[in-house]
Amino acid sequence: MPVPGATSAPIPASAPAAGYYEFKPFNIGRWIVWSLFAVVLFVAPLLFTSSLSQTMLSQMGIAIIVCLSYNMLLGQGGMLSFGHAVYSGMGSFLAIHTLNMVGKGLPIPVSLIPIVGGLAGMLFAVLFGWVTTKKAATPFAMITLGVGELVWASSLMFPEFFGGEGGISSNRVTGPKPLGITFGPQIQLYYLIAVYTFVCTALMFAFTRTPLGRMLNAVRDNPERVEFVGYDTRKVRYIAFIIAAFFAGISGGLAALNFEIVTSEVVSGPRSGAYLLFTFLGGATFFFGPIIGAVLMVLAFVLLSELTKAWLLYLGLVFLFMVMYAPGGIASLVMMNLRVAAFGRLRELWVSYLALGATALIVLLGAAGMIEMVYHLKLNPALGPELKFLGAPLNAHGVNSWFGCAFVMLTGIGLFELTRRHFVHQWGEIQEYIEKEVKRREALA
Amino acid sequence: MEFFTISLLNGISYGLLLFMLSSGLTLIFSMMGVLNFAHASFYMLGAYFAFTTSQLVGYWPALVVAPLLVALIGALFEKYCLRRVHKFGHVPELLITFGLSFIILEMVQLVWGTSSADYRVPQALGGPLFTLYGTQFPMYRGFMMLVAVLMLIAIWLLLTRTRIGLVIQAALTHPETVEALGHNVPRVFMLVFGGGAALAGLAGVIGGNAFVTEPGMAATVGSVIFVVVVVGGMGSLTGAFVASLLIGVIQTFAVGVDASIMGALNAVGAPITSDTFGYPLWRLKISQIAPILPYLFLVLMLIFRPKGLLGTREG
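These protein sequence lines map, in sequence, to chains A and B. 563 is the number that the numbering used here gives to position 352 of the first sequence; each next residue is one higher, with no gaps. 43 is the number that the numbering used here gives to position 54 of the second sequence; each next residue is one higher, with no gaps.
Where hints are given, some of them may not hold.
Stated by the list, open to error - Straight-line distance between alpha carbons at most 27 angstroms, and here's what the computed DSSO-like set of lysine-lysine pairs gives:
| # | chain 1 | residue 1 | chain 2 | residue 2 |
| --- | --- | --- | --- | --- |
| 1 | B | Lys274 | A | Lys446 |
| 2 | A | Lys599 | A | Lys589 |
| 3 | A | Lys647 | B | Lys296 |
As the list claims (entries may be wrong) - Sample of chain B residues facing chain A (criterion: CB under 7 angstroms; computed from the structure):
| # | residue |
| --- | --- |
| 4 | Arg72 |
| 5 | Leu84 |
| 6 | Leu99 |
| 7 | Glu168 |
| 8 | Leu170 |
| 9 | Gly171 |
| 10 | Ser212 |
| 11 | Val216 |
| 12 | Ala279 |
| 13 | Leu282 |
| 14 | Tyr284 |
| 15 | Leu287 |
| 16 | Val288 |
Read the hints as simulated data drawn from the structure, not as lab findings. Cβ coordinates follow ideal geometry from the N, Cα and C atoms, glycine included.
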């Protein structure tokens, strides 16, 4: 079930210039988007007031910074790193050690601790990046993995610094308290995280517009030509690596403040893998993609893992399908539809989308029923073969339940295929129209 | 001398197992340009398949059946997933194998449980091969070495002395030409991927009972085989062979050495106490740093010889 258009002509990096409002020196559209982002960051905890949602929102802010910084490597530099957790994790560790020193009288305000984390991440990137950025592409991926393993293995060798199994804990309510802000209540910390998230996002976006950021894209797309023009591709990658690690470190520092405990798990390979996975799912080709990915990451780790035991399997499957059918991630799907909307044809598609969604849901329902039954049989054999799945009683030993689930799934697949064919046809037509329209407008201009 | 000989033998046998693992990875990488992140997962699958098959029909059939099953899974994965992603470039190719490793891990835990499987060395190979300085060298280690060496010879002969090897090698650099000559290039790639997976599966059959068969086994060797491939030189089979032996021997020796820098300095009269700066670092014993030695080796290699031991290209 390929998502049509996902594999067609390369998607332009920005929204089609179908007449956007620009008054020099202000780019109105950009100001609106960034104001909206600020408003969302500000309003979110006022709408979701429970303590669970506040912790989740805080984690989302942290995740947004680290995923964006990861995308600086993956999306902008074409560097697939398997060791990004090293830099956010080392940021966490140095931040929590600094926090403990603040408790002993070091005069640094708590709100600046994340910067310490950022500097720590940067320092480690200066060290390790010098080795890892010697290579690009696939060898780079393997080497970052090796360096990640190196740090992870040493974290068990130095319990004084990494705190061994128990980790290092601290207390963020310490040091001077300007305006009575203690960072004791979660909401105060949330706003600190929100400010950092906004500033870091803005800085990282600004980075994409700098000559260095542009050069990084060139290094990703055509390293030979960059070399030929006289730039050192390795130096560009190295500098970008350091900058990305700085932001990762900030996120690590914020995480240290948020959880008040850092265990060696934060530098582990699975953590790096999670950053990679969700940055990609969100969409590495667009700047805002990782933000979507980060939100999904927190939702998956906090909510999905509570909901079902099989969440890692679902995650792996979703990832597999995304790589196969929508390698641009969720962001690219959004942008493709925005393009259709910009040409005023999105309205025709909504029936198809509804049908696709409904049939996909049926497939998912049948498949999930079977997956849940298998997990139930394996993990809770003592509870007997009965389980509740979305309120429906299933019997994992009964033929009826299996037959029912399989039937639901197969019906879903059949219906999905029918709607998909219709949709592909429709989508192709609209894309053709858009191509023609673009050419026509070009001819007029 | 006793320590030296025994460690050398153990190191070589561990190194040969590493080679069995990394040879498949190197093959797939050099033939298809795909870095298979799920390679260690295929190794794990091989071990579990062998565990189940050996319970049903015995060890010797399992030695053949398990790698074939893994090869089948690898070939199907190539045909239905990897091939679709090929047009998007190298990064999605790598990512999809990364996703596969997640799914295999989850599946293995689902089918065989999260604790280790009771997969044992077969009775016939259980005894000692010979006794050296009073230490018995297990027959199974000898068997492991034998299979690895046979495998090396077989791959080398297949690639350099047969028509199939010629087609495979040409298919990477000149796919259109090979296609024009009437060979089915996608099928060649499918076979190569399946073959590489089978090698990993074979390593799993052999290594699973020599070490331990558990869901974490893919993670333990996963990054070491990448180190082997980088240190040996990307895509060089001989390089992988040398590098795996080197890493196997170094690591095995390190595990047995109990010295530390503190001990050495104390012996020459520069005492280090718990007050000295960096005390935890000086105090570390070589046996304690054994797990990170491969990675240190990787880093040093990259600093001094970025293309690897026998590598031919820099990229």
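Hint validity - Leu84/B Cβ closer than 7 angstroms to any chain A Cβ = Cβ of Leu84/B sits 5 angstroms from chain A, so the hint holds.
Starting from Lys599/A, check that the Cα of Lys589/A is at most 27 angstroms away, please.
-> This hinted pair holds, its Cα atoms lying about 15 angstroms apart.
Identify whether the interface hint at Leu282/B stands, where standing means a beta carbon of chain A within less than 7 angstroms of its own.
-> violated (9 angstroms)
Would the stated hint for Glu168/B survive a check requiring a Cβ distance to chain A of less than 7 angstroms?
-> This interface hint is violated because 22 angstroms lies over the 7 angstroms limit.
Answer holds if the nearest beta-carbon of chain A is closer than 7 angstroms to that of Ser212/B; otherwise answer violated.
-> holds (4 angstroms)
Should the interface hint for Leu170/B be scored as holding, given a Cβ-Cβ cut-off of 7 angstroms against chain A?
-> violated (29 angstroms)
Can Val216/B be said to touch chain A, with a Cβ gap under 7 angstroms?
-> Status holds, d = 5 angstroms.
Satisfaction of hint between Lys296/B and Lys647/A, Cα-Cα up to 27 angstroms | violated (49 angstroms)
For the hint on Leu99/B, does the least C-beta distance to chain A fall short of 7 angstroms?
-> holds (6 angstroms)
Given Arg72/B as an interface hint, is the shortest Cβ-Cβ distance to chain A below 7 angstroms?
-> violated (10 angstroms)
Leu287/B as chain A interface residue, shortest Cβ-Cβ below 7 angstroms = holds (5 angstroms)
At a threshold of 7 angstroms, is the proposed contact between Ala279/B and chain A supported by beta-carbon distances?
-> This hint is violated: Ala279/B lies away from chain A, its Cβ roughly 10 angstroms from the closest one there, beyond 7 angstroms.
Checked against the numbered hints listed earlier, the structure breaks hints 1, 3, 4, 7, 8, 9, 12, 13; every other hint is satisfied.
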